[in-house]
Every structure is written in C-alpha cells, then in structure tokens.
Amino acid sequence: MSSNEWPLWEVFIRSKQGLSHKHVGSLRAADAENAINNARDVYTRRSEGISIWVVESKLVAASDPKEADSLFDPADTKIYRHPTFYDVPDGIMHM
Amino acid sequence: MKDINIEEKEREFQAKIDANIKIEPNDWMPAEYRKTLIRQISQHAHSEIVGMLPEGNWITRAPNLRRKAVLLAKVQDEAGHGLYLYSAAETLGSDREASIDDMHAGIAKYSSIFNYPTLSWADMGMVGWLVDGAAISNQVPLCRCSYGPYARAMVRVCKEESFHQRQGFEISSTLANGTPEQKAMAQESFNRWWWPALMMFGPTDATSKHSALSMQWKIKRVSNDELRQQFVNVTVPQATLIGLTIPDPDLKWNEEKQGYDFGTINWEEFNQVVQGNGPCNKERLDARRKAKENGLWVREAATAHAEKRKAKKMAS
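Chains as they are written, first to last, in my numbering: chain A, 1116 to 1210; chain B, 1293 to 1608.
Hints listed in this document are in silico derivations from the structure and should not be mistaken for laboratory results. Each hint can be trusted.
Below, computed lysine-lysine pairings styled on BS3-like, alpha-carbon distance capped at 27 Å:
| id | chain 1 | residue 1 | chain 2 | residue 2 |
| --- | --- | --- | --- | --- |
| 1 | A | K1173 | A | K1137 |
| 2 | A | K1137 | B | K1314 |
| 3 | B | K1301 | B | K1327 |
| 4 | B | K1327 | B | K1308 |
| 5 | B | K1510 | A | K1181 |
| 6 | B | K1451 | B | K1510 |
| 7 | A | K1181 | B | K1327 |
| 8 | B | K1401 | B | K1584 |
| 9 | B | K1401 | B | K1501 |
| 10 | B | K1314 | A | K1173 |
| 11 | B | K1301 | A | K1181 |
| 12 | A | K1173 | B | K1604 |
| 13 | B | K1510 | B | K1314 |
| 14 | B | K1451 | B | K1360 |
| 15 | A | K1137 | B | K1308 |
| 16 | B | K1510 | B | K1308 |
| 17 | B | K1308 | A | K1193 |
| 18 | B | K1602 | A | K1173 |
| 19 | B | K1584 | A | K1173 |
| 20 | A | K1173 | B | K1327 |
| 21 | B | K1584 | B | K1360 |
| 22 | A | K1173 | B | K1605 |
| 23 | B | K1301 | B | K1510 |
| 24 | B | K1584 | B | K1327 |
| 25 | A | K1131 | B | K1451 |
| 26 | B | K1301 | B | K1314 |
| 27 | A | K1137 | B | K1451 |
| 28 | B | K1360 | B | K1582 |
| 29 | B | K1314 | A | K1181 |
Construct all of the structure, not just a fragment, from the sequences and the given hints.
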C-alpha cells in the first residue's frame, strides 16, 4: 500500500508582491498541478498567499548539518565585512 | 553499553536544547527523541483527523446558513491541521500511510475526547469552547517545542484554533441566553463535556509515564496538572458569565493558590476510553477505515490522471 503513496512536495508561498516565497511545509500530491491545488487548500485558507511554488522533496539538495561548522565558521572571523568594524570620528553624519 | 561517541552526541544535543536552540530535521538526535516525537506528532495528527467526525455529524443540521458556513470552515481547518502535522512527522522519517494504518488497526492512538458522541446542537458549542479551548491550552506551549517543524506547525494551528474556540463560545452563549429549552440544552451539554475536557490534559503528573524525558527535551514545556489548572481557572468565569453551572460540587475558589480547587477526575472512565471502550471508539475507527477505502478510487484516479498528463507532456 505504502508504495502507492503520492510523492512529497515542499511548498513555498509568496505572501504578497514584493516579498520572496517562503517555505511553509509539505504535502503529498499526485503531480505538480495537484500539489499546487492542494497547497491552495492546505496553506492559504486565510489569504496567506498570492503565489505558490511546489518542489518535489526528493529534488531538494541540502547542506549537511554535520558540516555546518566548516561551511559557516569562516564568516565569523571576517568581522570587517560589517560596517560596525570601522571607527568613525564623532560628528560624522550620514555614513 | 553505549559507546563514548553516542554519549558525547547526547551531551551536545542536550546542551543545544538547554540553550533553546531548535532541532531541525537533519540534525543528530537521540533515537528515543525521534521516537517520542513521531509518536506524539502522529497521535496529534490522528486526533485532528478523527476530530472532524463529531462535528461533521452536525454540518447538515446546523440551525442556519451562518452556522453551517462556520462549521464547514472549522472542520476544514481540522483537516488542514492534520495535514500540517503529518508532514511534520514525515520530516522525522515517519511513513504517513503506515502511521494512518496503525491508527486504523488500533495500534496508534488519538485523543480520547473524540470518542464521545455529539448528541445535540449545543455540543457544537461545547466542542469549540471546551474541547478546542483545552486543545489550545495544550498547544500554545508546543509552539515553543524544541523540534522546529512541530513548533512551526503549532504556530499555524494555534492561530486558527482561536477562531474555533470563539465560535464555540458564541454558540454556547447564544443558547445559554436563549429560551429556557435552549438554556437547558446548553447546560445538559456542558455537563457531559466538562469532565472529558479536563481529562484531555492526560494523567496526573504523578502517574504520567512520558512526562519527565519530554520535559527534559523541551518537547513538553508545561505539566499536565498545571495546564489543567490553567484551563479550569480561565473557563469557570466564562461559564459563570453566561449563566452555566459547573457540574462539580467540589469546585471552589482557593484564595491562597489564586486558582480553583476542583473535584477528582474519574480516571477509571479515562482509562476505559483510552483502552477502546468509550462510547464511540468503534464508530470512529470504522468511519476512518471506510473513508480510506471509499476514497481509494479517487487517489487512484488522481495518480492515473497525473501519469496521463505526464505522458502527454513528454509527447508534445
């Protein structure tokens, strides 16, 4: 029985023009069109969105949490990428 | 004997929990944490789905169009809540269909409250006000649960449940302020739902077998007894305001604890219903099994349609 289960889809919703699509959850559906229709019913019953993206879950490539340190730690030492790193004399405005 | 590696990982895991860092699907987690969450989230999902039945019972007999539209929207929300939760459970590797089959086989549980019948229209009021009210008390702390996907699903659920509770209270208050017959109907219904609603918080802290570890892992954030007390404290004044009497001779305000003392819950009844001997256990499971069987052709047709569409696209 389980082998007949519909594939899993990740659902992304744009809440309004000007904002990007945001992941809201997942659902099962026979195909993409079916997934969009189901997402409409499951995730936008209260006007939460004006646009829906669906992506089959198995197609999502993700970084490995175990590698998070080696991937993201290097950014921690580069504090000069932030404006607060720099000294600005008192009295300087609009910078 | 656990190897050192696992112990180290468990320590790191607990440190994350203690620092209120959420756990996400691909993060390492103890097998027991995963198992506990799968059990809890899928039970929760089953409860939402079975929870549609007692109210679905009244959709065609709602007293007017406004009530009917509201009840339909509410029942549809419950289906949605079930779906958010099944997908949260799937992030832990739970098989959705297998878990539904476990429920149908009586292996997996759902909330016992739905094994009580909805005998009058007033029950639609009480289910929304008391049952959803108790569910909200349980679910609000779950929005801060340590597992990210569950916590996020709960945020959505809680937002939607507050309409459910209000519509239930509106039905109850309208009846309680109506004709003597309507008021009697509301009181009779209140009498039947009050104690089962208090049972929704589960066994007392002294006897709850899953609590300690769940608290340590911040899956559960407030104890059963504390949540029950909070619910009694907020609900008694609501009932009093609309002129309903709490069916508990031992209920009285306790100035010292700034809360109500209340009578002893009938745990024998609770255990009987959990074990499958409640008034509607069989009926609910039969209805769910039948729904799955009767819906099979729809799922098959959708699959066939999708395949046809795919073939057409490939050909063009």
